[in-house]
Amino acid sequence: MDKPVLELDGISAGYGTGLVLQDLSLTVDRGEVLGIMGRNGVGKSTLLKTLMGLLKVRSGRLTFSGHDLTNAPSYRVAAAGVGYVPQGREVFPDFTIRQNLIMGNLKARNDDIDAAMDLFPVLRERARATGGSLSGGQQQQLAIARALIGRPALLVLDEPSEGIQPSIVREIGTTLKQVSAEKGMTIMLVEQNMDMITQCCDRVVFLEGGRIATSVPAAQLLESPALLNKYMAF
Amino acid sequence: MIRTALSHMKTESLVAGILLVVLLLLPLGASSWLLSDLSIYFSYALFAASLAFVWGHCGLLCLGQAVFFGLGAYAMSLVTLGMVPGVEGMVSTWLGFAAAIAVPALAAQLLGRFLFHAQGLQGAFFGIVTLAVAFIVERLFINWDFVGGLNGLMNVPPIVLGLNGDGYELWEAVPLYYAALFVLVLGFSVLAALMRSRWGLALKAVASHEMRTKSLGYDTAHYKTTAFSIGAAIAGLAGALFVVQFGFVSPSLIGFGLSAEVLIWVALGGRGMLVAACAGAILVRVLESNLSSVFGDTWLLLLGGLFIVSVMFLPRGLVGEAIHGLDRWRAKRRKGGSTPRGKAVERLSPSEYTAR
Amino acid sequence: MSSVATIVLDASNYALILLLIALGLAIIFGLMNVINLAHGEFLMLGAYTVLSIQMAGGPFWLGLIAAPLAVGLFGLVIEEVVIRRVYHRVLDTILATWGLSLLLKQSIVLVFGPGSHSIEDPISASVMIFGAPYPAYRLFIMAISLLVVTATFLFFFKTRIGLAARGVIANRNMAACLGINTRNLDRMTFSLGAALAGLAGAVIAPLISLDPHLGLGYLVPAFLAILVGGLGSIMAPVVGAAGVGVTENLAATFLSPVYAQLIVFITAVLVIRLAPGGLLGKKRRQT
Chain A
1 MDKPVLELDG ISAGYGTGLV LQDLSLTVDR GEVLGIMGRN GVGKSTLLKT
51 LMGLLKVRSG RLTFSGHDLT NAPSYRVAAA GVGYVPQGRE VFPDFTIRQN
101 LIMGNLKARN DDIDAAMDLF PVLRERARAT GGSLSGGQQQ QLAIARALIG
151 RPALLVLDEP SEGIQPSIVR EIGTTLKQVS AEKGMTIMLV EQNMDMITQC
201 CDRVVFLEGG RIATSVPAAQ LLESPALLNK YMAF
Chain B
1 MIRTALSHMK TESLVAGILL VVLLLLPLGA SSWLLSDLSI YFSYALFAAS
51 LAFVWGHCGL LCLGQAVFFG LGAYAMSLVT LGMVPGVEGM VSTWLGFAAA
101 IAVPALAAQL LGRFLFHAQG LQGAFFGIVT LAVAFIVERL FINWDFVGGL
151 NGLMNVPPIV LGLNGDGYEL WEAVPLYYAA LFVLVLGFSV LAALMRSRWG
201 LALKAVASHE MRTKSLGYDT AHYKTTAFSI GAAIAGLAGA LFVVQFGFVS
251 PSLIGFGLSA EVLIWVALGG RGMLVAACAG AILVRVLESN LSSVFGDTWL
301 LLLGGLFIVS VMFLPRGLVG EAIHGLDRWR AKRRKGGSTP RGKAVERLSP
351 SEYTAR
Chain C
1 MSSVATIVLD ASNYALILLL IALGLAIIFG LMNVINLAHG EFLMLGAYTV
51 LSIQMAGGPF WLGLIAAPLA VGLFGLVIEE VVIRRVYHRV LDTILATWGL
101 SLLLKQSIVL VFGPGSHSIE DPISASVMIF GAPYPAYRLF IMAISLLVVT
151 ATFLFFFKTR IGLAARGVIA NRNMAACLGI NTRNLDRMTF SLGAALAGLA
201 GAVIAPLISL DPHLGLGYLV PAFLAILVGG LGSIMAPVVG AAGVGVTENL
251 AATFLSPVYA QLIVFITAVL VIRLAPGGLL GKKRRQT
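For the record, the sequence lines run as chains A, B and C. Be aware that the first sequence starts at 1, since it is given in our numbering, and climbs by one per residue. Be aware that the second sequence starts at 1, since it is given in our numbering, and climbs by one per residue. Be aware that the third sequence starts at 1, since it is given in our numbering, and climbs by one per residue.
Think of the hints as simulated: they come from the structure by calculation, not from any bench. C-beta: ideal position from N, C-alpha, C; glycine also. There's no promise every hint is true.
Unchecked claim - Calculated Cβ distances over 10 Å to all of chain A for the following chain C residues:
#1 L103
#2 V109
#3 T182
Stated by the list, open to error - Derived lysine to any residue pairs resembling SDA-like cross-links, with alpha carbons at most 20 Å apart:
#4 K335(B) to L318(B)
#5 K56(A) to N181(C)
#6 K56(A) to N171(C)
#7 K158(C) to K56(A)
#8 K3(A) to P93(A)
#9 K158(C) to T63(A)
#10 K107(A) to P122(C)
#11 K3(A) to D29(A)
#12 K158(C) to D29(A)
#13 K107(A) to A127(A)
Claimed, not checked - The following label-pair restraints were derived from C-beta to C-beta distances:
#14 P114(C) to N155(B): 24 to 34 Å
#15 L19(B) to E162(A): 34 to 44 Å
#16 V179(A) to G162(C): 26 to 36 Å
#17 S59(A) to H222(B): 52 to 62 Å
#18 V127(C) to G257(B): 56 to 66 Å
#19 F153(C) to S215(B): 33 to 43 Å
#20 M83(B) to G113(C): 33 to 43 Å
#21 G296(B) to T96(A): 58 to 68 Å
#22 A79(A) to L147(C): 29 to 39 Å
#23 F153(C) to G257(B): 34 to 44 Å
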């Protein structure tokens, strides 16, 4: 068994003086597609932001591929091989699609850009359009392609299905699955959309009260609605 | 939270009280030379308090506070020199004080109406605009012959107790000292009372979370404009108090240089507490008059360096830090060191304010 | 006719110098969210670099090259020692850079004295334009300002590092999450902004009388220019500097310098009141 690609050991973090994550520990294996679920406000986005160095780690340790990234600046986390697709996409509205992709990897060559556009053909069709002129689904695809162009070892996505029509959600799910299979890329997927979770994930963890409440194989999820009731229902 | 705020205030008031007693008793033992220096510094202290109110309490970093100090000084001078067109006969000190308060307040009101309207200028840009105001107003006064241009106005009369420039003239050291101290305490108390009022609490909320306060239905622009005007009025009063002692007003009182100095006093003293700001002003001035002969030109260099260091590492200021330390020590003694205390200068958020 | 040409040339001259200064301010603010109140003193340092080289017997042209290099290097050091430690607190960056400006002024007073100095005109020739003689050196200033401003824009709009920098301006956190080394960009930006100010100081040195307090007179209109032009856009200073520079210069020619400043200030406040984001203003992400 390989060493896990990502290890979070007793992480506490949050905004201002309050802690959202409290002593959270989690390991993610290489090549695994991990779904992260839980009610609103349990700390799913906070977890990803903390991983990306956007929030300060108050205590605990964060290790990625053998590098200690606890409180490393975001650009070092990215350089270590983590690709981030944030909630709300955050594409650069004034940049063209091509420029948005280059932001994902300043050293990208033309064939890298081509390869990224191959993942989502709509990006090639509208290559000269600005990020802000795209629909929500197209922006989401752009944000994913932009993260992938940096060839990350770990891709983290924050609710990629949010506010997007189902056909594009399926397309995104298929692409993620395919990329993970071809490149052996690890994926962490914060998601509320069950279809997306069951389509992509190998394993699902549920967050509650700022820590991991339980961890189950994704296949088991469909068989046990009780889990969903326990951790997702209001 | 409220308890810590209260106990904090208590230390602050305690320090203010002790300082006041010392200052009241000082004429018993001090030379008249020191007293007359100090009574001038009292006007600087009041000036510093006005900036601490505007900047520390209301979050409006004003880089041109001297504009209001200068306007007050000029207003007082023009009145008592009988230079106000149309009412040359009116040379009352009291009218001078009234003008010295009203003119800067009106100027600030006008400026505030423009700058704080709607979204208004973000905090930082407010600072730059006030800097521009200081720069331009100074130039304007240098080129305005009516107020004496670069030379300014000389022979400004002292405080005259009569209704219209007649009666007892206040120029002896001890009476003047007490008069200046009285004005300082008066202005200080007004600001302190305002800061503790509900209105002051709302202002604090505006300073810490403007958008949130706005969404709670507060007209934040109005709050800021009023606070800015009050700060200007007190600065104007300080300017008047200065000129009746100094007897001379020039454009250097209204511009960039003095604005810079007062900011240093307040930053070194402590922007968060009025008494710290006042003490900062007096301390820096006392040190300056004693040390500048030793250090020469390097004194300003030293002061500037100290200022940067305090901005970087001591946001509470030197005096503020000392009062804060004293406060912690008292709290520890009172409670046997049992209650853990965070930052003592906790800001009341608007939600907490409305919850009260 | 000839005097009209001179007036137009003088106004453009001033606007271009203002643009050099405002551009540095704008990129430092845009990228780092730092309001650099020492920018006027960076300009002053540039002018004094030329003066030192003149005093050492060196030619003006050497000073012209040395000034942006020296001030840029100085900016790099300041970024590392001061700015980096306060840059997440905007109000404190104002205070720190403002303290720095006092410090620099006083240092110059200590080294060069409080009095004023002058730089010899490096090109004394005049060129006939529309039948009127116009100082060749002023034409040179316009040329070099245009050149540097164009180069700066090409850098920001045609290179990948420039793209990354604009990305940081638009959304600092996201750019960092994509691997853009914001730390290095901050260093580069502050240094570049300082160098632009240093260059501006060097080119205007022969036209003005040098004293330690000359910075503020350029800082204020440059700030008004970026406020009027709009924050968070690299193009904004162009509009702002043109507006402020031409207005001020024309008003100074026909009225007096004091009224010119007053008019510019009042106009600027009116513009800010009517269009709070500036003429080219964009909504910036607040991070």
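To see whether the hints hold, each was checked on the structure:
no.: 1; hint: L103; in the structure: holds (29 Å)
no.: 2; hint: V109; in the structure: holds (39 Å)
no.: 3; hint: T182; in the structure: violated (6 Å)
no.: 4; hint: K335(B) to L318(B); in the structure: violated (26 Å)
no.: 5; hint: K56(A) to N181(C); in the structure: holds (18 Å)
no.: 6; hint: K56(A) to N171(C); in the structure: holds (19 Å)
no.: 7; hint: K158(C) to K56(A); in the structure: violated (35 Å)
no.: 8; hint: K3(A) to P93(A); in the structure: violated (39 Å)
no.: 9; hint: K158(C) to T63(A); in the structure: violated (37 Å)
no.: 10; hint: K107(A) to P122(C); in the structure: violated (44 Å)
no.: 11; hint: K3(A) to D29(A); in the structure: holds (7 Å)
no.: 12; hint: K158(C) to D29(A); in the structure: violated (41 Å)
no.: 13; hint: K107(A) to A127(A); in the structure: holds (18 Å)
no.: 14; hint: P114(C) to N155(B): 24 to 34 Å; in the structure: holds (28 Å)
no.: 15; hint: L19(B) to E162(A): 34 to 44 Å; in the structure: violated (59 Å)
no.: 16; hint: V179(A) to G162(C): 26 to 36 Å; in the structure: holds (30 Å)
no.: 17; hint: S59(A) to H222(B): 52 to 62 Å; in the structure: violated (44 Å)
no.: 18; hint: V127(C) to G257(B): 56 to 66 Å; in the structure: violated (41 Å)
no.: 19; hint: F153(C) to S215(B): 33 to 43 Å; in the structure: holds (40 Å)
no.: 20; hint: M83(B) to G113(C): 33 to 43 Å; in the structure: holds (37 Å)
no.: 21; hint: G296(B) to T96(A): 58 to 68 Å; in the structure: holds (60 Å)
no.: 22; hint: A79(A) to L147(C): 29 to 39 Å; in the structure: holds (35 Å)
no.: 23; hint: F153(C) to G257(B): 34 to 44 Å; in the structure: holds (37 Å)
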